[in-house]
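*Asks:* Chain by chain, the residues:
4 protein chains.
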Amino acid sequence: MTQITQQFASDNYAGICPEALAAMQEANQGYVPAYGEDIWTTRAADTFRTLFEKDCDVFFAFNGTAANALALASLCQSYNSVICSAQAHVETDECGAPEFFSNGSKLLTVPTQGGKLTPDAIRALATGRTDIHFPKPRAVTITQPTETGQIYTLAEIQAISAVCRELGLHLHMDGARFANACAALGCSPADMTWKSGVDVLCFGGTKNGMAVGEAILFFDRTLAEGFDYRCKQAGQLASKMRFLAAPWIGVLESGAWLRNGQAANAAAAHLAQQITALEGLELMFPVEANAVFLKAPPALLDGLREKGWRFYTFIGGGARFMFAWDADLAQVDTLASDIKTLHAAL
Amino acid sequence: MTQITQQFASDNYAGICPEALAAMQEANQGYVPAYGEDIWTTRAADTFRTLFEKDCDVFFAFNGTAANALALASLCQSYNSVICSAQAHVETDECGAPEFFSNGSKLLTVPTQGGKLTPDAIRALATGRTDIHFPKPRAVTITQPTETGQIYTLAEIQAISAVCRELGLHLHMDGARFANACAALGCSPADMTWKSGVDVLCFGGTKNGMAVGEAILFFDRTLAEGFDYRCKQAGQLASKMRFLAAPWIGVLESGAWLRNGQAANAAAAHLAQQITALEGLELMFPVEANAVFLKAPPALLDGLREKGWRFYTFIGGGARFMFAWDADLAQVDTLASDIKTLHAAL
Amino acid sequence: MTQITQQFASDNYAGICPEALAAMQEANQGYVPAYGEDIWTTRAADTFRTLFEKDCDVFFAFNGTAANALALASLCQSYNSVICSAQAHVETDECGAPEFFSNGSKLLTVPTQGGKLTPDAIRALATGRTDIHFPKPRAVTITQPTETGQIYTLAEIQAISAVCRELGLHLHMDGARFANACAALGCSPADMTWKSGVDVLCFGGTKNGMAVGEAILFFDRTLAEGFDYRCKQAGQLASKMRFLAAPWIGVLESGAWLRNGQAANAAAAHLAQQITALEGLELMFPVEANAVFLKAPPALLDGLREKGWRFYTFIGGGARFMFAWDADLAQVDTLASDIKTLHAAL
Amino acid sequence: MTQITQQFASDNYAGICPEALAAMQEANQGYVPAYGEDIWTTRAADTFRTLFEKDCDVFFAFNGTAANALALASLCQSYNSVICSAQAHVETDECGAPEFFSNGSKLLTVPTQGGKLTPDAIRALATGRTDIHFPKPRAVTITQPTETGQIYTLAEIQAISAVCRELGLHLHMDGARFANACAALGCSPADMTWKSGVDVLCFGGTKNGMAVGEAILFFDRTLAEGFDYRCKQAGQLASKMRFLAAPWIGVLESGAWLRNGQAANAAAAHLAQQITALEGLELMFPVEANAVFLKAPPALLDGLREKGWRFYTFIGGGARFMFAWDADLAQVDTLASDIKTLHAAL
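Chains as they are written, first to last, in the numbering used here: chain A, 53 to 398; chain B, 53 to 398; chain C, 53 to 398; chain D, 53 to 398.
Heads up, some of the hints might be wrong.
One copy or any two copies: either way a pair holds, since identical chains are not told apart in the list.
[Stated by the list, open to error] Straight-line Cα separation of at most 20 Å, SDA-like style, residue types lysine to any residue; simulated pairs:
1) K188 <-> R175
2) K392 <-> I327
3) K188 <-> A214
4) K392 <-> R95
5) K188 <-> A138
Hints listed in this document are in silico derivations from the structure and should not be mistaken for laboratory results.
Please model the complete structure; the sequences and the hints are all you need to start from.
*Replies:* In structure tokens, the structure reads:
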């Protein structure tokens, strides 16, 4: 067995980063009003508006599944549909949450490369059928980075936004790993969202180093009407909201949000660069953010498991390594070493 | 203005108690699997089973609204109904969450004294109509303590349970302030729940001194089938579940859960005893747990507000003072003093 | 046993009136496109617009429960609420359909006299609470005539509409027995609806002499956006729509719709006038439309049952007699005679 | 323009067959209780039980979309999923009705040949994933005949049923054109349903020659618990139920149900046999029931349209001709003739 002090099966395996924890502790003083009527929530929302250079509406939900589903439900009626990649998390891993929260909005899926939608695919689905038996699309959702770690360029987002606006579709961004995308592109949050035509963003806090929580930003504020009530009815309104909000202040004000993304990306690159040249192995997708998908012979994957490594293989049978904010490069080296050792033995 | 270092508008205004915070920090070591597949969640569930002396199914949700609504949805079909007090939180303060999560289960309300249902009222609603146009009741929910602080005796719970079993109704307990009830009755959690015929309990963590989180305990395990999937679809499955679960270990193993309830109750009694004799003022409900409802002339309530005190008046126009785990008796004295001063001035 | 050739337990017990049946047969020629793209549906919609003197949007649903629930769902978000009488059919006899179709819009009920809402009651509910835990009302629904046969005067409807407009609430009218109300008031359909501020009307076809079907008229056309899709998703879009639509042409063009209402009302008056003076019996509500609610000693009601009469007693234990389009006055005389006979025997 | 006295765009274009209309008229005598408590409904249900040689539970809904969606909702929880063909009507043409009625049950689709599911495809989907993020399948739905007119053999249905039973899945049959399948296979209704392992059948009345209405038969009666209430809440309980039920008596007792299916099938065969040999044209699917899908050059299809023929082309761009109970073979000849003329001209 390898000495494993850190697994890379998911970026949800990591704990709370220091900046988030410190902020939660700082907020844990005295009493504050509940349900978001407190200075921490106000300050967190303001911090988002500053970071995004936009007077957007900011909400906090408990997790990404709820955040995505609530956002999509606010963009659609039950008889509308949402266009997404066939690999989108909202389609593959939310157990029907979008359909549940919206009371029946169908997800119309597009087979994609690396999980990325294209303007043409969107146009085809949105205009292909116009009859009464087909739920008219009303929103498009893109995951940035995608579930396989691909990053839309700003131009790609803008092109998607353009076709959305042309066809009367709202554009939602699932930013469960938003920080990783910003870190990879080296662009500002504003550049990647509203300046490129995104209407609503779900910004992942949990994968970024927090205990719990996602932020939902409405750049098009008309879409946010009643959203606080929608959250409340859906069991997503925190009473001690300060503890969901303060960690955001911690990571945003300190810049830890971005450093966390950079660190995770660096770890992925660190692994990729050590194994990319190995004969017979394949990086299934370009490593653009914090994920490495390794295609290898079953014997090698079994060998890794025997050594104690945990990883999922739900995408094409390849091993997925996902790096979190606290990725330990020495452990990445250990993983790379084990891969090379097993590879040599085959 | 009074020097106010603590408000008593809600027990949600308080922060995280030391035992919960310490446990969260202790759990913040290294990596653990996500979605509840971790040692902290397992241990927390076991701790509940030990405390409740029962091999029950344990789940964690983010807040009480979701916990209650999920539990009720698991007990009913959409065309069933739930019997509750007209003052029940699920009816008055959840913005339609039960109806949302269940896809349309109606709440059938009973006007009550101090929020307590009676076997007769349940029987009347459950048997009054049997036609196809009326949603058959399938569950009864009681809040313990009630929203106005009244506590069902064990005999009362057993009587309700008896009629529920007779009529084929499941019995749910909204235990948002469960600890306060246990503290007041001096009974065991088992006594107050499954030993008295309760099928499902939502045990409030937030009001008990945690940052976030409720536990849902199914004493009748057949009712828990698929509940994990129900939580997942409803956006109530935490990825970094350890941070929802560990605080429970902290408060349960240390006994802080009960001490927190006792402290809050003591503060309420401390206030009540100082103002109960004041002429023209009225304690609207017996002070049995951690709430004091004060009926007073508008001028007195205005006076309290001018002094800086915050309180809600949504029940019969009376001022509600709700004490949390960290209630400061000196502050309670200050409030009592202000009340007496204003009273004397009138 | 009495020779009973017609029961008066419900106006749903009657069959199809000749004008509706003839129209259905006339429409049963050859082929027409499905889903409403046919000349019968177009003509029926035009006939409504002519009758109502308004360029409204017209839809057809299969029954009143669906029509009401769909209309209310189109006026609200799931986190809104609907204000209605505590005796409203949508609250008492639809098994939670409004909550089901809307994904959780609560019905906020007002105890009423004869089922009639008042502006003050609406205002109190709509402005009493404004907090995040309370589902903001977004619609008011009135039943005309009410479930106990009371008729809102035009002035009463206008007063309700005025407060609705002031408070940003949409006004829906459940017109399951619309024809009976028009017949009683002697006013035009326009007078009773949009000219008095009603936004949406569900016009009952079934109780008016048709086999199946309700019409939904949106006088405020902005509220009708997507309603065809809403109907489709909810299983309320008829494929052979001509058979739902043509009977409307039959009853509207011939005036049978109004005559049917008048006949039913006349039968109710005919009964009421024969029994109103009987000592110890009571007409529980003024007989303004086609319903008679008789309060009588249990022995008398039992006697009527023994004679073979069927009637419901769900409102205050009184016997409800509801007259349909084909009410046979001779049979009404028989019922009156039996009542008098039993009364004399007591 | 061709002299077109009958279109073949849809079997919903046809009217009511004589047996159904006569029965409706016969039922239109006097008064009967509402909501199915009448002799016609009882008799219709008994007639089904006789025809299907099974003591099944029988319900009536207004249309196929509702019938399918209600049936599937009764087989699943919201967090379950339903396995179906990617071409299934429930997936492609119900505007999200299954998701709406079930509060979020996802449809998991399988690309198929001619719309037919296979045991292997079912097994793969039902066992491929077992994690908490994936909605466990709980039901399989097959359309018989499929949307492209293919008919499952009894052996095929049994094989599907076997894998369903093995994997704990309920088997639903969408029988919108059930009569056409029975006619084609020459088997009994029992053979094609419960004797082959089908748990629930939606038997299409509308396409079979009725004005409105579908029957839902639960062969596994345990699955029907509460279904009447489910229908009521969903706006699918007819008040004058006799008019939905009596036509079934008309077509079932007379055998017209089967003759109607045979006639429609014969018309399809009549067309197919006249055009099958034409060079460059293709029957996209074997003509097994009452549908003909013709692949032809766009110029030919345009020519048919110019001649006045209506047809949909939503499946692979081919022209769909669907024959109803009253298909006029002379008109079929006319269509065939026009096709041949246009073909010769190309």
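*Asks:* If a hint holds in the structure, say so; if it doesn't, say that too.
*Replies:* Results of checking the hints against the structure:
For the homomeric pair K188 and R175, the shortest alpha-carbon distance inside one copy (12 Å) is at most 20 Å, but the shortest distance between copies (32 Å) is not. Proximity of K392 and I327 under a CA criterion of 20 Å is satisfied intra-copy only: 7 Å inside one chain copy versus 64 Å between copies. Within a single copy, K188 and A214 get their C-alpha atoms as close as 18 Å, which meets the 20 Å cut-off; across copies the closest is 35 Å, which misses it. In the homo-oligomer, the alpha carbons of K392 and R95 never lie at most 20 Å apart, since the shortest distance is 48 Å inside one protomer and 37 Å across protomers.
With identical chains, the CA atoms of K188 and A138 are at most 20 Å apart both within one copy (18 Å) and between copies (18 Å).
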